[in-house]
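K.L.:
What follows is each chain in one-letter form.
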Amino acid sequence: MREEARLVVDFIACDGLGFCNEELPDHIALDDWGYPLITDDTVSGPDLKRARRAERSCPVAALRLEALQRSLELQA
Amino acid sequence: MQQRLDSRIDPFAWQTTVMPGMEPRLLAGLPPSGTFRSLASHRAAFPVPPRAGRRTDPWLIDEVELAGLTGRGGADFPTARKWRAVAAGNDPVIVVNGAEGEPAAGKDALLMSRLPHLVIDGALHAAAAVGANRIIICVGEHSPSAVKAIKGALAERRKHEKSGISITMRKVPDRYVAGESSALVAMLNRQEAVPTSSPYRTAERGFKKRPTLVQNAETLAHVAMIMAFGADWYRSIGTEAEPGTRLVSLSGVTEPTVSEVASGASLLDILEAHGADANDVSAVLIGGFYGTWLRPEDALSSHLTIDSLAPFDATPGCGMLHFLPKGSCGIAAVSQLADWFARESAGQCGPCVFGLRAIADALVDVEEGFGGAMLGRIDRWTREIPGRGGCSLPDGAARMVRSGLSVFSADLAAHRRGRCSAEKELVFG
Chain A
43 MREEARLVVD FIACDGLGFC NEELPDHIAL DDWGYPLITD DTVSGPDLKR
93 ARRAERSCPV AALRLEALQR SLELQA
Chain B
1036 MQQRLDSRID PFAWQTTVMP GMEPRLLAGL PPSGTFRSLA SHRAAFPVPP
1086 RAGRRTDPWL IDEVELAGLT GRGGADFPTA RKWRAVAAGN DPVIVVNGAE
1136 GEPAAGKDAL LMSRLPHLVI DGALHAAAAV GANRIIICVG EHSPSAVKAI
1186 KGALAERRKH EKSGISITMR KVPDRYVAGE SSALVAMLNR QEAVPTSSPY
1236 RTAERGFKKR PTLVQNAETL AHVAMIMAFG ADWYRSIGTE AEPGTRLVSL
1286 SGVTEPTVSE VASGASLLDI LEAHGADAND VSAVLIGGFY GTWLRPEDAL
1336 SSHLTIDSLA PFDATPGCGM LHFLPKGSCG IAAVSQLADW FARESAGQCG
1386 PCVFGLRAIA DALVDVEEGF GGAMLGRIDR WTREIPGRGG CSLPDGAARM
1436 VRSGLSVFSA DLAAHRRGRC SAEKELVFG
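Those sequence lines, one after another, are chains A and B. 43 is the number of the first residue of the first sequence in the numbering used here; add one for each residue after it. 1036 is the number of the first residue of the second sequence in the numbering used here; add one for each residue after it.
Treat the hints with care, as some may be off.
[Unchecked claim] Reference excerpt, derived from the structure (chain A facing chain B, CB under 10 Å, subset only): (1) 52; (2) 77; (3) 107.
[Said to hold, decoys possible] Here are the computed distance ranges between Cβ atoms for each label pair: (4) 1421(B) to 103(A): 21 to 27 Å; (5) 1270(B) to 90(A): 40 to 46 Å; (6) 57(A) to 1078(B): 41 to 47 Å; (7) 64(A) to 1345(B): 37 to 43 Å; (8) 1226(B) to 57(A): 15 to 21 Å; (9) 108(A) to 1078(B): 49 to 55 Å; (10) 108(A) to 1346(B): 30 to 36 Å; (11) 1444(B) to 84(A): 34 to 40 Å.
Bear in mind the hints are in silico, worked out from the structure with no lab data behind them. In this text, a Cβ means the ideal position worked out from N, Cα and C, and glycines have one as well.
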């Protein structure tokens, strides 16, 4: 099975430092105040490695990569 | 008289009505204004709730499900489903949500200040259903008469009718986000009353990490009615999909009034029953400040149900209906409400802190006729902001602004030409 994950931002924790945008510009843009705007929240295949690096790069741990199964459960 | 919407109205100042042609239900036992219905008077009509214990009572949950009751705090979530989630956990707690942060809503404060025993009975039924031995009643500090009545009602019960479980009251700060369930739980856990981010829902882990049922005061009053008179009786009014009654808080062209109406009542009927008609109204804000503006022809051909309002991206919400008087400037109203939202931000999430302030400031420019270039930005910001906060306050602000700018397009054009002749008195304080 193809591995997929979803990008989730905890905006209470987020300080708008922008590291996530540097690591993953094709999935995360920034709004007018420097806060992440997720343009494509699903990450799969080769992008996963970069997404994990983006997750680790956030100094305040506001970016999470959730296994898709888990995020679907939370929605239900 | 146009009242200032974001200044609070004392619960005793709200007029109360019941829609013509129906028997009052929640409001049947309403005592004279200025007093609350005593325990003795309440007990003459309602049986003593079952004693809560450690065991859950699936029958009570089934009855609430049969009645089709949904949460009246604004989200209309099925009550029985929430109860089952909480009942599945260990040692749950009931939190009565009487924060009522919507400035133009008064129904929860009205119930708590005049029919407190109805709300408390509902909480006791909920406790018996999910197996809770503790109830915390949270009352907005902006309603001193509700605080006083709940205190008085609890004193009566301590003297005459011990429930066997702990029931206490807590005052909630007067800010919109304090009524959000994670914020209430944070407050009870001795933190600031602002939304928190947790992978757990309050139903799983809330007050002192215990499963916590946060339930709106009006919802619990309906529970007391259902338990006393049965699900079939409850369903005998309202629609098949959305049975029972609702309390609506009316303002604008009408005096501030809390009215009990059948779920599915026509908005035009509600308006006309309160001495106004379609010609008096320039737009209707439905469901709260956290709601949606509708054109009068759309609103007044709609019914107070989720289905009927869905095409307009609106819901009955907390039951607030503001009928903006003809001759009032809609752009001024939207601008003032946007400023209220910006001030109500808890200050935690960037898109909310900066976005709502930017939108409110841009709307002042629009109002003053200099905002042509701003309209494009407001459009983009209100599309970018939803879903990017720890709570849904920014989503509500965006929806209110977008629906307002669409409904008030004629006013908008007048402002762009610098020629708005409508009344710009401070509609919303």
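K.L.:
Indicate, hint by hint, whether the structure satisfies it.
P.N.:
Now the hints, each set against the structure:
no.	hint	verdict
1	52	5 Å, holds
2	77	4 Å, holds
3	107	14 Å, violated
4	1421(B) to 103(A): 21 to 27 Å	24 Å, holds
5	1270(B) to 90(A): 40 to 46 Å	51 Å, violated
6	57(A) to 1078(B): 41 to 47 Å	55 Å, violated
7	64(A) to 1345(B): 37 to 43 Å	41 Å, holds
8	1226(B) to 57(A): 15 to 21 Å	20 Å, holds
9	108(A) to 1078(B): 49 to 55 Å	51 Å, holds
10	108(A) to 1346(B): 30 to 36 Å	33 Å, holds
11	1444(B) to 84(A): 34 to 40 Å	37 Å, holds
Hint violations for this structure: numbers 3, 5, 6, all remaining hints satisfied.
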